[in-house]
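Trainee: Given next are the chains, with one letter for each unit.
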Amino acid sequence: MPEKKLIITAAITGSRNLRDISPYIPYTPAEIVQSSLECWRAGASVVHIHVRDPQTGLGTQDVELFRQVVEPLRAQSDLVLCLTTSGIAGRNLPVQERLASLELSPELASFDAGSINLGGGVFSNPPDFLDLAAAQMLAKGVKPEIEIFDSGMIVTALRMRDQGKLQGPLHFQFVLGTPWGAPATPQTLLYLHGMLPADATWSVIGIGKGHLPMSMMGLIMGGHIRVGLEDNVYYQQGVLAQDNAQFVERIVRLSREYGREVASPQEAREILGLRKI
Amino acid sequence: MQIALEVAQMEKLIITVAQTGGIHGKDMNPALPEQPDEIAQSALDCYNAGASVCHIHARDKKGHTTGDLNVYTEIISKINAKCPIITQVGNGIGGVPQPDGTLRAATLEERMELVDIQPKPDMLTVNMGTFEFSYLGTFDNPIAWNAEFIKRSYARDIPIECECYDMSHIFNALELVRRGVLRQPVHFSLVLGIKGGMPFTPKLLSMMVDHIPDGSTWQVITISKFQLPATVMAMCQGANIRTGLEDNIYYAKNQLAKSNAQLVERMVRIAREVGREIATVQEAMQILGVKRN
Chain V
1 MPEKKLIITA
11 AITGSRNLRD
21 ISPYIPYTPA
31 EIVQSSLECW
41 RAGASVVHIH
51 VRDPQTGLGT
61 QDVELFRQVV
71 EPLRAQSDLV
81 LCLTTSGIAG
91 RNLPVQERLA
101 SLELSPELAS
111 FDAGSINLGG
121 GVFSNPPDFL
131 DLAAAQMLAK
141 GVKPEIEIFD
151 SGMIVTALRM
161 RDQGKLQGPL
171 HFQFVLGTPW
181 GAPATPQTLL
191 YLHGMLPADA
201 TWSVIGIGKG
211 HLPMSMMGLI
221 MGGHIRVGLE
231 DNVYYQQGVL
241 AQDNAQFVER
251 IVRLSREYGR
261 EVASPQEARE
271 ILGLRKI
Chain S
278 MQIALEVAQM
288 EKLIITVAQT
298 GGIHGKDMNP
308 ALPEQPDEIA
318 QSALDCYNAG
328 ASVCHIHARD
338 KKGHTTGDLN
348 VYTEIISKIN
358 AKCPIITQVG
368 NGIGGVPQPD
378 GTLRAATLEE
388 RMELVDIQPK
398 PDMLTVNMGT
408 FEFSYLGTFD
418 NPIAWNAEFI
428 KRSYARDIPI
438 ECECYDMSHI
448 FNALELVRRG
458 VLRQPVHFSL
468 VLGIKGGMPF
478 TPKLLSMMVD
488 HIPDGSTWQV
498 ITISKFQLPA
508 TVMAMCQGAN
518 IRTGLEDNIY
528 YAKNQLAKSN
538 AQLVERMVRI
548 AREVGREIAT
558 VQEAMQILGV
568 KRN
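The listed protein sequences derive, respectively, from chains V and S.
Read in order, the letters of the first sequence correspond to residues 1 to 277 in this note's numbering.
Read in order, the letters of the second sequence correspond to residues 278 to 570 in this note's numbering.
If you're looking for bench data, these hints aren't it; they were derived computationally from the structure.
Bear in mind the structure is a predicted one, so any value in this text is a computation, not a measurement.
Idealized CB from N, CA, C, for every residue including glycine.
Treat the hints with caution; some may be incorrect.
Taking lysine-lysine pairs in the DSBU-like style, the calculated list, with each CA pair at most 35 Å apart, reads [claimed, not checked]: (1) S:Lys339 / V:Lys5; (2) V:Lys4 / S:Lys355; (3) S:Lys355 / S:Lys339.
Not everything, but these chain V residues come out facing chain S in the computed CB check (under 10 Å) [claimed, not checked]: (4) Gln34; (5) Leu73; (6) Trp180; (7) Thr185; (8) Pro186; (9) Gln187; (10) Leu190; (11) His193; (12) Leu196; (13) Pro197; (14) Leu219; (15) Arg253; (16) Glu257; (17) Gly273.
The shape of chain V in the complex, shown without the other chains (with noise of 0.2 Å):
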């Protein structure tokens, strides 16, 4: 039921899908920005940052990259930023480079909660860098966005959060519908938003097709969404979607028709805990 305001979080490019798949992928840190800008002031109030090599536009985790984003975008908006720590999914780099972004003290990262299949590879997320990763990230005050592409990594989460290494409330992030993960349907959410304790906060991506059902989901449910070319190059069935701002405007439009309120940044960063700053 539409209490909480819902915080739409913007996947600007992601590390995977090149402009063969889609034209409209963001490469460079000045698009990266512009794309994330156009969001904010469409509705977002988090962007999740991956950034890629201007030339090639394969992901990396150059900090200065990083840098070329964040920077410009702590000056021209009140964004709450969260860096990526994955990388480039299934290409599983050196367990230092993927933490580099730490260095900037983004607001919230994301925290692969385990292991998984993905496409052709496998997305590694072993336990030493889970503890490292968590250790990191609560030196910094950075909050965990805990991904979760299967119901053991939630298992995991809850595991790290007694021993310690995670603090509470946790916040959770439910990539479904990746090739070989969870399926985007609603008995996989609503089976994986059951093992959730009471006090965490949510949000869900649906990756491709299964975008608007389980953004839908997402919105009744009350938890928060995530949209952006890095989950979903389609708008629609055959039409590609022309930029990030385009998704956030529609879930805005959605949300409403619904009567739920879209939270600011500020809001979002009351609703999330995040560190003061």
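Dock chain S against the given chain V, drawing on the hints supplied.
Mentor: Just chain S, lined up with the frame of chain V:
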């Protein structure tokens, strides 16, 4: 039941509008149409807004719920004269006021008469189980009586919508299929949120949907504050929806709906955003098996 993921590949969306109902009246919302002319005009407005089915209850001149076949005749004739929307009569009739002001449930005898309404309604609904309707009283729907109602409806070529207010009601419908009474595909209405029946939560709706056999159609009916969440969830699963002042007199919290059409218009806007095209009356007739002769 397979869950359709690709929004754009889903069946077209049938929007039913339940305009009047058999319980509350203009005292709750003055926009609620009670008299045949009002009901027909509102049906036309909803048809123009995108509704393809109009669910009908009848009121007497004082606005009291009635099973008087003459009133149904007047309502259906007037709707048919204005637009081709599918007419559907609910076989519960509703709560009939008594001299002391209390409501009594319509009797099974009164309700059975609805199979003979002239002109023929396009559809009739059957309630698939007995339960305490909104704690107002026992809503009696014996299985043998339901079977008789369905046989007599089919004898006039009137298809049936099965209203399921709780889990067992789905299985009662399937039992009537097994007995050769109810035809497939079954058109299920999952009714959640009425006290005495299944409450609405996303999990409970999902559980009911899991028990509907493949090939069936289903829509969701919920009341008041549950209408938007349940409807949005159903739309994204390829199901159909119902709205209207019978189910919900409010447009938003503390804001009465101005008309049935206002509620339909919102559903159409949401459907377009999530990629569901709206079924025309012709398309809805084909999906629901409505025959006109």
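Trainee: Hint by hint, say whether it matches the structure.
Mentor: Hint-by-hint comparison with the structure:
1. S:Lys339 / V:Lys5: Answer violated: Lys339 of chain S to Lys5 of chain V is near 44 Å, above 35 Å.
2. V:Lys4 / S:Lys355: With Cα atoms ~45 Å apart, Lys4 of chain V and Lys355 of chain S exceed 35 Å; violated.
3. S:Lys355 / S:Lys339: holds (19 Å)
4. Gln34: violated (25 Å)
5. Leu73: violated (28 Å)
6. Trp180: violated (16 Å)
7. Thr185: holds (5 Å)
8. Pro186: holds (5 Å)
9. Gln187: holds (6 Å)
10. Leu190: With Cβ-Cβ at 5 Å, under 10 Å, it holds.
11. His193: holds (9 Å)
12. Leu196: With Cβ-Cβ at 13 Å, over 10 Å, it is violated.
13. Pro197: violated (17 Å)
14. Leu219: holds (7 Å)
15. Arg253: Holds - the Cβ of Arg253 of chain V comes within 10 Å of chain S, reaching about 6 Å at its closest.
16. Glu257: Holds, about 5 Å.
17. Gly273: Given a least distance of 25 Å, the restraint on Gly273 of chain V is violated.
When held up to the earlier numbered hints, the structure conflicts with 1, 2, 4, 5, 6, 12, 13, 17 and fits the remainder.
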